[in-house]
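Going line by line, the protein sequences match chains A and B. Just so we're aligned, residue 1 is where the first sequence starts under the working numbering, counting upward by one. Just so we're aligned, residue 1 is where the second sequence starts under the working numbering, counting upward by one.
Please note that a few of the clues may not be correct.
[Unchecked claim] 20 angstroms max Cα-Cα, derived SDA-like pairs, lysine to any residue:
1) B:Lys116 to A:Ile26
2) B:Lys103 to A:Leu13
3) B:Lys264 to A:Ile103
4) B:Lys264 to A:Leu92
[Unchecked claim] For each label pair, taking beta carbons as the anchor points, the in silico distance ranges come out as:
5) B:Glu57 to A:Phe135: 23 to 31 angstroms
6) A:Gly52 to B:Pro101: 44 to 52 angstroms
7) A:Pro238 to B:Thr133: 33 to 41 angstroms
Everything labelled a hint here was simulated from the structure, so no lab data went into it. Idealized CB from N, CA, C, for every residue including glycine.
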Amino acid sequence: MATQQTQTLARSLLTPAVALLFIWMIVPLALTLYFSTLHYSLLDPGSESFVGLENFRYFLTDPAFLASLQNTLVLVGSVLALTILLGIPLALLLDQPVVGRNIVRLMVIAPFFVMPTVSALVWKNLLMHPVSGLFAWLTKLFGLTPIDWFNDVPMFAIILIVAWQWLPFATLILLTALQSLDEEQKEAAEMDGASGLSTFIYITLPHLARPITVVILIETIFLLTVFAEIFVTTGGGPGLQTTNIAFLIYSQALIQFDVGSASAGGLVAVVIANIVAFFLVRIVGRNLEA
Amino acid sequence: MARMATTRRVAVSTIGAWLAGFLIFFPILWMVLASFKTELEAFAIPPSFLFFHWTLENYATVQERSDYLHHAMNSIIIAGGSTLIALLIAIPAAWSMAFSPTKRTKDILLWMLSTKMMPPVGVLVPIYLIYKTFGLLDSRIGLVFILCLGNLPIVIWMLFTYFKEIPRDILEAARMDGATIGRELVYVLTPMAIPGLASTMLLNLILAWNEAFWTLNLSTLHAAPLTTFIASYSSPEGLFWAKLSAASTLAIAPILVLGWFSQKQLVRGLTFGAVK
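Could you put together the complete structure from these sequences and hints?
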């Protein structure tokens, strides 16, 4: 009846969102692509010239690139491992009958709502300061020498901070998945004499496979571009020890004002993120049909 | 016998869970405590846990010295503004895809999702230059705009999943009764969509409030929201921990409260409905 009319209306309602997102995606990306082929420094305006793939050669052969790629992988990999390996037992624990479960849940998810600049600075100063931090005091209590976190193990320090921020996310998703697990199935297994461990391995873990995949993919997308935590704690240092790809591009663009090279780096980052995104979109898409 | 075992199990898991919860929450608690100490006590070794001279002095100083309220207002305008605009654009889009789906709806949804996957750093250079050209650097409107675009895919997705759950029979019944699309929207759809709208708004406010890539790179002083303001505490060394803690506590308190209300929606929103 009103189908034709409804269809037209539906399309016109959808258009603004699609158009905006399309512009948002295409224009900056096209500009990045364009800049990446130029010799373009903000310190030397007016000297822009076409250099082909020179920026990519420069960016990709820059020792800083390899170092930061490695740092990015270490950061993403370690945080993923920590959040999932700690998140599974934590979610299992919260799935048990616990007195005051709601309060415990609130405490566990709280770090996720703390803005990155706050968590980084609180950890850096109040907890990890080599002289007056709480950790230093604790290590001295046990008669050990305090660690100078941001000089001795800077990357590890950042990994701890970021893992603390993302542990609640992993836990919450795994907990949500656990709560949808069929209780009867677990009870049946227990009746048949399955031990707690084999129930976990053969029933719970397979059920968690999908949520774990989702956690890995989503966290990876956000972790690939960790920025604020590095910006306010180490500034990428000492040396290049905590420079990840995101921070490297930032420093080339806004500290060294090398637009061409930073753009080439930006495209490299887009490619890396797209590889991850490809898998995530497939999983979500499959879910959409179900 | 069985009952004994259960009681013991509850006791063990309760102790374990509270211990884990306390450890995870501790950094926040420690920060809140430090905000009520004097600078000397915040820095002191051995640290005092509860028995120190409680003071509100830091909260007053933070406002006097650095105009905290100005930055808080920026955060409210930027997070609130970007959320409202995103909702205005997203509601019609999600409505249209949920109730008049076409063959391409799924592809459009996935494409929207994929725009969220683009790392912001990949487009930092052009955005920075565009903003510079148009005088949008360190402006609230510039930040509202970029955060709105950045979160638009999540908003559309969340609304879509909520709208999808509204039973279509009701709409059809309304149509049978001769309701126009406008009436259908106002009298039938809106009341049923309000819970979903509220949770979407809540999650988006949280994300925008805490966003710390664009805010750090595109604002310095005038438009600086709390993320950038707190970052300014990273440079000076020395006796500033209590003030940092007070400023931080104020910055995260409202969002912590909102966040606790929206835990369920958080999972749904951030996994794009892949985990429910």
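Hints, one by one, checked against the model:
no. : hint                                     : result
1   : B:Lys116 to A:Ile26                      : holds, 13 angstroms
2   : B:Lys103 to A:Leu13                      : holds, 17 angstroms
3   : B:Lys264 to A:Ile103                     : holds, 15 angstroms
4   : B:Lys264 to A:Leu92                      : holds, 17 angstroms
5   : B:Glu57 to A:Phe135: 23 to 31 angstroms  : holds, 27 angstroms
6   : A:Gly52 to B:Pro101: 44 to 52 angstroms  : holds, 45 angstroms
7   : A:Pro238 to B:Thr133: 33 to 41 angstroms : holds, 36 angstroms
Figure legend: structure checked against the earlier numbered hints; every hint is met.
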